Amino acid sequence: MHERLSFHIKRDSVLHRLNPLTKLTLVLALIMVAFTSPWYWTPHLLFLFVIIPLSFIGKVFREFFFAATRLILPAAGFLFLMQAFFQPIGEHVIFKFYFLDITQESLMFAFKNAMRVIVMVSSFTLFLLTTHPSELMSDLTRRGLPGQFAYVIISTLQILPQIQSKSQTIISAQRSRGLDTEGNFFKRAGSLVPLVGPLVFGSLVEVEERAIAIEARGFTSKSIKTSLYEIADTSFEKIIRWGLIIIIILSIVLNIWL
Amino acid sequence: MLDKIKSNFTTQTWVLIPIAIAINVAIGQLVLVLKLPVFLDSIGTVLVAVLCGPWAGALTGALSNVIWGIAFDPGAFPWWPVAFFIGFMAGKMAEWGFFKSWWKVVVTGIVIALTAAIISTPISVYLFGGITASGSSFITAYLLQTGQGIWSAVVSTAFLTEPVDKITTAMLAFAIIQGLPKRTVAGYPKADQVEIEGGSDKNQMYIAIGIVVVLILFAAFLLRSILGG
Numbered sequence: 008m009h010e011r012l013s014f015h016i017k018r019d020s021v022l023h024r025l026n027p028l029t030k031l032t033l034v035l036a037l038i039m040v041a042f043t044s045p046w047y048w049t050p051h052l053l054f055l056f057v058i059i060p061l062s063f064i065g066k067v068f069r070e071f072f073f074a075a076t077r078l079i080l081p082a083a084g085f086l087f088l089m090q091a092f093f094q095p096i097g098e099h100v101i102f103k104f105y106f107l108d109i110t111q112e113s114l115m116f117a118f119k120n121a122m123r124v125i126v127m128v129s130s131f132t133l134f135l136l137t138t139h140p141s142e143l144m145s146d147l148t149r150r151g152l153p154g155q156f157a158y159v160i161i162s163t164l165q166i167l168p169q170i171q172s173k174s175q176t177i178i179s180a181q182r183s184r185g186l187d188t189e190g191n192f193f194k195r196a197g198s199l200v201p202l203v204g205p206l207v208f209g210s211l212v213e214v215e216e217r218a219i220a221i222e223a224r225g226f227t228s229k230s231i232k233t234s235l236y237e238i239a240d241t242s243f244e245k246i247i248r249w250g251l252i253i254i255i256i257l258s259i260v261l262n263i264w265l
Numbered sequence: 007m008l009d010k011i012k013s014n015f016t017t018q019t020w021v022l023i024p025i026a027i028a029i030n031v032a033i034g035q036l037v038l039v040l041k042l043p044v045f046l047d048s049i050g051t052v053l054v055a056v057l058c059g060p061w062a063g064a065l066t067g068a069l070s071n072v073i074w075g076i077a078f079d080p081g082a083f084p085w086w087p088v089a090f091f092i093g094f095m096a097g098k099m100a101e102w103g104f105f106k107s108w109w110k111v112v113v114t115g116i117v118i119a120l121t122a123a124i125i126s127t128p129i130s131v132y133l134f135g136g137i138t139a140s141g142s143s144f145i146t147a148y149l150l151q152t153g154q155g156i157w158s159a160v161v162s163t164a165f166l167t168e169p170v171d172k173i174t175t176a177m178l179a180f181a182i183i184q185g186l187p188k189r190t191v192a193g194y195p196k197a198d199q200v201e202i203e204g205g206s207d208k209n210q211m212y213i214a215i216g217i218v219v220v221l222i223l224f225a226a227f228l229l230r231s232i233l234g235g
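Protein chains in written order, with this note's numbering: chain H, 8 to 265; chain X, 7 to 235.
Worth flagging that the hints you see were computed from the coordinates, not collected in a lab. Incorrect hints may have been included.
Stated by the list, open to error - Once the Cα atoms are required to be at most 30 Å apart in a straight line, the calculated BS3-like pairs of lysine-lysine come out as:
(1) X:K188 to X:K106
(2) H:K232 to X:K188
(3) X:K12 to H:K229
(4) H:K194 to X:K41
(5) X:K41 to H:K173
(6) X:K12 to H:K232
(7) H:K173 to X:K10
(8) H:K119 to H:K66
(9) X:K10 to H:K229
(10) X:K106 to H:K194
(11) H:K245 to H:K232
Since this is a predicted model, take the numbers as computed values, not measurements.
Based on the sequences and whatever the hints tell you, model everything.
Next up, the structure:
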């Protein structure tokens with residue numbers, strides 16, 4: 008059983024070649040503008056005319072589309088329905104169902120909010136599709152992020168599948184011993200301890216060994232470490248990043264102003 | 007101050023953090039398999055907070071959300087401050103000696119729950135207009151329909167749903183630490199915080215019960231004053 012733990016897809020495109028920090032700034036700019044822009048249609052336009060074209064430029068439209076339908080649409084759709092039904096604002100009632108009523112205003116409000124969430128989640132998805140986690144981490148380490156943070160992120164992504172398969176093994180083992188994981192509520196709650204116990208104790212015992220192992224490899228050494236891979240960064244990208252930051256500030260200022 | 011924080015981040019702390027994050031995720035998924043009405047997705051965070059100090063706990067919480075975002079659902083990113091403060095508060099409570107007996111751990115759980123409720127409310131209101139895609143939003147929606155303001159509806163929902171989850175989390179973390187060999191626990195920077203107190207001390211228990219009652223009354227008072235206004 009092999010579960011893919013990162014969204015990343017290896018392709019050769021302009022978007023893949025961009026420096027990870029530039030892409031991260033772009034994501035931040037898209038989200039900030041979607042949430043702070045005072046114009047109603049901003050998130051919708053951003054999604055249609057920035058994020059979708061970017062997914063074509065990055066040659067990941069197919070994967071982006073699947074991730075969107077699997078992850079984003081159910082959540083955003085649910086959010087839209089909940090908000091359309093339950094926001095008690097507006098007077099122009101369009102549709103009435105017992106005590107629930109959909110007004111024109113609540114519908115518009117729900118549409119905007121769902122679109123904002125879609126912009127947020129889809130821009131992150133696009134970022135993760137085109138950026139390998141270790142590429143991002145080594146670039147950020149080069150810029151001064153402490154190596155320990157990079158260690159935590161990368162090693163968690165490695166440990167997670169191991170712990171998940173361990174947890175599957177423990178569930179099967181305890182079931183074969185007759186543990187009731189599908190009975191009534193109290194039986195299910197009671198079976199939590201025999202499942203959590205072995206999982207946690209088993210994982211925590213490894214900590215000391217791992218600590219000694221990475222200590223022996225110079226984990227806490229203060230000297231500057233060299234990197235095996237060079238990650239390109241042009242001065243043009245630097246200008247783009249500053250441009251994006253100015254757009255974010257402008258959007259926030261406009262939001263406060265208007 | 008900075009040196010004190012640094013002394014909590016030993017190599018063993020840095021190694022524990024990824025494992026704690028993985029535990030958060032694995033137990034969170036286990037609970038889904040068992041169909042229990044709790045999240046229990048911060049047991050690892052509380053473990054790190056108690057064993058290695060508040061800042062390590064806060065870091066674990068925040069990175070948990072980042073990892074959850076990278077690996078499963080990018081929608082988890084905006085909630086990182088909640089996890090950050092869950093870890094921080096758990097660590098502070100342990101520093102103040104509230105992780106040494108069952109009753110005190112319950113108090114810790116309640117305090118964590120209140121923290122989580124307070125931090126998550128503005129995120130929920132500003133980002134999602136109060137109604138998120140989680141199941142507990144039905145309660146918020148109901149409260150909104152009864153004519154409540156958005157802030158009071160979201161806060162009340164959080165006050166209703168968080169305590170059960172966070173008390174269970176704190177109790178499980180306590181049980182795990184008590185079950186670990188003494189030699190293993192001794193390797194962490196804050197090992198003395200989890201030494202269990204003598205069982206004969208009844209006064210401690212009464213004080214803890216008193217604190218729980220006061221906290222519940224305070225929460226109820228807060229709720230009423232919000233609901234009334």
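Contradicted hints - numbers only: 2, 7
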